[in-house]
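Q: As they're listed, the protein sequences go chains A and B. Take the first sequence: its letter number 188 is residue 188 in my numbering, and every next letter is one higher. Heads up, my numbering is the position in the second sequence plus 1000, with the first residue counted as 1.
Everything labelled a hint here was simulated from the structure, so no lab data went into it. Check each hint, because a few of them may be wrong.
[What the hints assert, rightly or not] In silico DSS-like pairs for lysine-lysine, Cα to Cα no more than 30 Å straight-line:
{"no.": "1", "chain 1": "A", "residue 1": "K22", "chain 2": "B", "residue 2": "K1128"}
{"no.": "2", "chain 1": "A", "residue 1": "K224", "chain 2": "B", "residue 2": "K1042"}
{"no.": "3", "chain 1": "B", "residue 1": "K1128", "chain 2": "A", "residue 2": "K26"}
Bear in mind that the values here come from a model prediction, so they are computed numbers and not experimental data.
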Amino acid sequence: MTIDPETLMAYADGELDPITAKRVEKAIAADPALAGHVEQHRRLAASLRAAFDPVAAAPVPPAVETILRDAVKVVPLASKPVRRERPLWMGAVAASLVAGLFAGPLLFPRDPGGVAMRDGAAIARGEVAKALGTQLASAQAPDAPVRVGVTFRDGAQRWCRSFETGATGGIACAQGKDWRIERLYGGVSQQSGAYRQAGSPAAAMMADAQTMMAGDPLDAAAEKAARDAGWR
Amino acid sequence: MAFEDELLDHLPRLRRFAHALARSAADADDLLQASVERALIKRGQWEPGTRLDSWMYRLMRNLWIDTVRAETRRGETFVPPEAGEAIGSAGGQEMAVELGKVAQAMRTLPPEQREAVALVVIEGFAYKEAAEILDIPMGTLTSRLVRGREALMVRLGEAA
């Protein structure tokens, strides 16, 4: 009986089903050369592991760990307040919560019709909700009160869009009939246009959008198709 | 467990895989860093509940193959067998000391054999898992694996 090299290797690796393994064992018993070859496979595997295992036992380069540990610090709004750059809008939320004790619906003070809290989640309202639902980034009036940036699907396959209104920017994702605000950023200026400094809130917003993105952002045609389909 | 925490746990093994693939220790750590950066950007594409380690191995391997192809286009092909030792002792001094002749022999293998050997023999994946990571049929995996190992046996003087 002949045993091909693949089968002999698979035997040495313990990859064969019991019946085939028995068959190989019988062949080995009858042919010492086969037994020698199995032994070579095992010796080679042992030397390969001995050569590379020390790499896995050594400390990982600090630069790589740092990338990951920095990434942990960016926490989605839904689970915890953002530690990195909270102030501006967190104050507004706190103020609106206090105001809500007396005033019923928890709307942001001096809100341009933008964001409301419901069941602990921030929901787009008014102009922001309207822009998110209907406005195309490819066809926005220069003086539009809300400007839409990128549109993409997130890991949960929701449609998400970045937007800016006044000095506030955010990323919202469609959930049912609502646009849920996943992140908000203060100090995002509309004027600066093309020139944006690294580390600025606007740059942070784009970086976070990148991170949330599954696949690529939509082009103008796909954006229009998604809107026309009602963001489903 | 958070994506980042789980990824941290896998880093030592991923680094070992990078060292088995790359031409030098410096290239290997660059590959590791680039893979982690890519993973953070693409994390939305990983389905929670599936194995993060397999996803990361696939991601790293694809990044590595991209660089191998780019080098091939530029004419810097992987180290041919006969030049293996010379490059290992001249260009990769620290690797030569650290990992010795076994690592040098690995670097003489064609990429498709090297990745198969690295996944199964060094990383300990089952044939089926390795074939899935590489996105090739089982038969292709086993034939590359057997050819890679036979070549290593010859180079390392472990053939009969």
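Q: None of the hints should be skipped; say for each whether it holds.
A: Evaluated hints:
no.	hint	verdict
1	K22/A - K1128/B	holds, 21 Å
2	K224/A - K1042/B	holds, 25 Å
3	K1128/B - K26/A	holds, 26 Å
In this structure, none of the earlier numbered hints is contradicted; all agree with it.
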